[in-house]
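Chemist: Construct the entire structure; sequences and hints are all you get.
In case you want the letters, here they are:
2 protein chains.
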Amino acid sequence: MATIGKGRDVLTLVNVFTVKPADQEKLVQLLIEATDKTMKRLPGFISASIHKSLDGAKVVNYAQWRSKQDFEAIKHNPEAAVHMKAAAALATFDPILCEVADSIGG
Amino acid sequence: MATIGKGRDVLTLVNVFTVKPADQEKLVQLLIEATDKTMKRLPGFISASIHKSLDGAKVVNYAQWRSKQDFEAIKHNPEAAVHMKAAAALATFDPILCEVADSIGG
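Those protein sequence lines, which keep their order, are chains E and Y. Per the numbering used here, the very first residue in the first sequence carries number 63; after that it's consecutive. Per the numbering used here, the very first residue in the second sequence carries number 63; after that it's consecutive.
Each hint should be verified, as a subset may be incorrect.
To be verified - Just so you have them, the derived chain Y footprint on chain E, three or more residues with Cβ under 8 Å:
id : region
1  : 72-81
2  : 87-98
3  : 104-110
4  : 122-132
Said to hold, decoys possible - Only pairs whose alpha carbons sit at most 25 Å apart, straight line, appear in this in silico DSS-like list of lysine-lysine:
id : chain 1 : residue 1 : chain 2 : residue 2
5  : E       : 130       : Y       : 137
6  : Y       : 99        : Y       : 68
7  : Y       : 68        : E       : 82
8  : E       : 82        : Y       : 130
9  : Y       : 68        : E       : 99
10 : Y       : 68        : E       : 102
11 : Y       : 99        : Y       : 147
12 : E       : 68        : E       : 99
13 : Y       : 102       : E       : 68
14 : Y       : 88        : Y       : 68
15 : Y       : 88        : E       : 68
Said to hold, decoys possible - So these bits of chain E aren't anywhere near chain Y, every CB distance computed over 10 Å:
id : residue
16 : 137
17 : 140
18 : 143
19 : 148
20 : 152
21 : 154
22 : 158
23 : 168
No lab work stands behind these hints: they were computed from the structure. Ideal Cβ positions, reconstructed from N, Cα and C, are used throughout, including at glycine.
Modeler: Structure below.
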């Protein structure tokens, strides 16, 4: 379970994947496996929450890392690169690096 | 503080706003105010977490509603419509309705 809070010193990555509906479930499973096998063991990993859109056309990964440096370091990890390449073969993606301005309710 | 968990029966809205960097903070404040004044009092509201991208070009609202029906009902709320119109004047947006497939770490 991930938590979103104001004032926590984390980097948030919102990665929106656009995918053919026929490939949505495959991409979801690929991202879950990538997180379970590789990402969660990397320094600075906090959480990854994989979402599937109701219309079948998107997958959203809401991920939290300790810092931008930790996130950038993924790019140099060969195991992570294999997962990224597999995801890129199924979908286009638009990663947004951000911080929480406010979180209301819960 | 919002929580993301697998198997919770919630509708997740990931709304990605594209904005001029000069307007990013204004949009963030507008969304916080809309949530505080209106959204959080509407039936089925669970949480809204407003994020600003590090490059200044995006704002992401990660919101949770009890059901799709509750979320759709916002469209008929005149107060909410005023806030939406103000946001639309500042930015384009791409709302994604989704469900959590998995959440790892935390």
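Chemist: Against each hint, give a clear statement of whether it holds in the structure.
Modeler: Each hint tested on the structure:
1. As drawn, the region 72-81 of chain E meets chain Y at 3 residues by the rule of a beta-carbon pair under 8 Å; at three or more, the given contact holds.
2. As drawn, the region 87-98 of chain E meets chain Y at 4 residues by the rule of a beta-carbon pair under 8 Å; at three or more, the given contact holds.
3. Under a criterion of three residues with beta carbons nearer than 8 Å to beta carbons of chain Y, the stated coverage of the region 104-110 of chain E is upheld, 4 such residues being counted.
4. Residues of the region 122-132 of chain E lying with their CB closer than 8 Å to a CB of chain Y number 4, which satisfies the three-residue condition for coverage.
5. Distance hint between residue 130(E) and residue 137(Y) is unfulfilled; the C-alpha atoms sit about 37 Å from each other, more than 25 Å.
6. Note on residue 99(Y) and residue 68(Y): the hinted pairing is violated, with a Cα-Cα distance of about 29 Å set against a maximum of 25 Å.
7. Taken as a hint, the residue 68(Y) and residue 82(E) pair is honoured in the structure, with Cα atoms around 23 Å apart against an allowance of 25 Å.
8. Proposed proximity of residue 82(E) and residue 130(Y) is supported: the alpha carbons are some 23 Å apart, at most 25 Å.
9. The straight-line distance between the Cα atoms of residue 68(Y) and residue 99(E) is roughly 18 Å, inside the 25 Å bound, and the hint therefore holds.
10. Of the supplied pair hints, the one linking residue 68(Y) and residue 102(E) holds, its CA atoms being roughly 17 Å apart against a limit of 25 Å.
11. As the CA atoms of residue 99(Y) and residue 147(Y) are separated by approximately 15 Å, the hinted pair is consistent with the 25 Å bound.
12. Restraint check: the Cα-Cα separation between residue 68(E) and residue 99(E) comes to about 29 Å, which exceeds 25 Å; the hinted pair is violated.
13. Proximity of residue 102(Y) to residue 68(E) is assessed by CA-CA distance (about 17 Å); at most 25 Å being required, the pair is judged to hold.
14. For the proposed pair residue 88(Y) and residue 68(Y), the alpha carbon gap of about 33 Å is over 25 Å, so the pair is violated.
15. This hinted pair checks out: residue 88(Y) and residue 68(E) have alpha carbons roughly 18 Å apart, not beyond 25 Å.
16. No beta-carbon of chain Y is positioned within 10 Å of the beta-carbon of residue 137(E); the least distance is around 16 Å.
17. For residue 140(E), the shortest C-beta to C-beta distance to chain Y comes to about 21 Å, beyond the 10 Å cut-off, and the non-interface label holds.
18. The beta carbon of residue 143(E) is kept farther than 10 Å from every beta carbon of chain Y, the shortest such distance being approximately 20 Å.
19. Every C-beta of chain Y lies more than 10 Å from that of residue 148(E), the closest at about 17 Å, which supports listing it as non-interface.
20. Every CB of chain Y is more than 10 Å from the CB of residue 152(E) (nearest about 15 Å), matching its label as outside the interface.
21. At the 10 Å boundary, the C-beta of residue 154(E) stays outside the reach of chain Y, the nearest C-beta of that chain being 14 Å off.
22. Against the 10 Å criterion, residue 158(E) falls within the reach of chain Y, whose nearest CB is about 5 Å from its own CB.
23. Residue placement check: residue 168(E) does not keep its beta carbon more than 10 Å from all beta carbons of chain Y (closest about 5 Å).
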